[in-house]
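For chain A, the structure is supplied; the task is to place chain B on it using the hints.
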Amino acid sequence: MLTMMRRLDLLLRGGEGDSSHVSELPVALSLKMTLALGGIYGACMGLFALSGSGAIGFFQVCASSVKLPALFLLTLLVAFPALYVFSALSGSPLRFIAVLRLLLASIVVMTAVSASFAPILAFFTLSTSSYPFVVLLNVVLLGTAGIIGLRFLRRLLLLLLAVEARASLGIFRIWLVIFGLVGAQMGWLLRPFIGRPGLAFSAFRPRGGSFFQAVFEHFIRLFGA
Amino acid sequence: MRALALERQLRDLSGGAPIPLRPLFATVMSAGAIDGAVVGSFACDSWARARLILFAGIKVPLLLLATAALCMPGFFALNAVAGVGHAFRRAARAIVAGQAAVALSLASLSPFVLFCYLSGVGHAQALLVNAFAFACASACGQIVMHRYYRALIAEDPRHRRLFGTWIVLYALVGTQMGWLLRPFVGAPDAPVTFFRNEPFSNAYVVVAELVVAAFR
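One line per chain: the protein sequences are A and B, in this order.
Mapping to our numbering: the first sequence position 126 is 126, numbers consecutive.
Mapping to our numbering: the second sequence position 214 is 214, numbers consecutive.
Warning: the hint list may mix true and false statements.
Distance windows between CB atoms, simulated [claimed, not checked]: (1) B:R196 - A:A200: 43 to 49 Å; (2) A:L2 - B:G164: 55 to 61 Å; (3) B:R196 - A:G170: 58 to 64 Å; (4) A:G170 - B:R216: 36 to 42 Å; (5) A:T3 - B:A66: 55 to 61 Å.
These aren't lab readings, by the way, just hints derived from the structure by calculation.
Just so it is clear, CB atoms sit at the ideal spot from N, CA and C, and this is done for glycine as well.
Okay, chain A solo, but in the shape it has when bound (with noise of 0.2 Å):
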């Protein structure tokens, strides 16, 4: 537990410039980060569904913390083989074992930032009753932590790669684009996070309709009629 705060201090701290503490990071170790760090969040946003009937919002909230790292892991799984191959392409030194750790990294430090962001979510989450603005927090919230994730990615990247290869970062922006787009999908496809008032609790809801409809749906809910 304590070597796990120490890496994570490390990790957020960006090692002052040195990368040996992103490419000697274990990947089980990330992996266990990982899991804890989003199951904090995500059980915060299953809290939504407490003040349902019965137990619904108990399985929520353990759904919820369980779907919430599989939602990054899972993203990291769709994206992972475009990076390796743009970066291998593109003159950059990393292994593959290098790009994974990196990655993963990265990913530990956007469950970290959510994870912080948990108290304040769990604050407006029970003070709350309107879905749409807790719906639109957690877009927001969890925008944030990726923003922050990938910027610490793209920072890494800088000091690893190799000068000649910097040029190459353009292939990088469209990767990023596809990781946020497939995040973002893949949380409306794993879906229910918050449980809507009135919905009996499903593990997961039937396919149809994307991420980027729904948030411009809530908005309007939101501000609208």
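Positioned in the frame of chain A, the structure of chain B alone reads:
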């Protein structure tokens, strides 16, 4: 073992190191087939539709290799006329390396394409996703090809113009080849066929007709 060989090939491609042609062709075939199989898996809800996985798995490597093969003689003639015919072997190697990079990038993007399919996109969106993947892969291919061309350009600046000519030539022929070899994604209501059951048509004429129809 194979993963290590792939990793070495990626490094060699990125560094512009000379690679024997056979493994490069093997990469184009296998990585292209992986991408094709994923491209063809759109709306796969029956055995008949599943045949499209096989068809597209054959057609994507075919698209890459046939386009390059068609352009090669013309490109050789251009090289010879420009007075750099003696270096054509190296230029051809750069082209094949670029093709391998395109195929590898396509295969690496195939989980993304599959994910888009699984999240329930429509036919038009599926076409867009694949167009995006092809655009990204082409950019990667050009970067790698340029790595191989750098030494040639340093020796003789005429190679710079020839490199640009190849890109234009390849895009011109590739667009029509892609059009002829369709369907790759396959409209959900259309019958599954290897080629479309219609007379040969020209991609550029079709686009021109669409533009004219849009403004009429």
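Here's how the hints hold up against the structure:
1. B:R196 - A:A200: 43 to 49 Å: holds, 47 Å
2. A:L2 - B:G164: 55 to 61 Å: holds, 59 Å
3. B:R196 - A:G170: 58 to 64 Å: Roughly 35 Å apart at Cβ, these two residues miss the hinted range, so it is violated.
4. A:G170 - B:R216: 36 to 42 Å: holds, 38 Å
5. A:T3 - B:A66: 55 to 61 Å: holds, 56 Å
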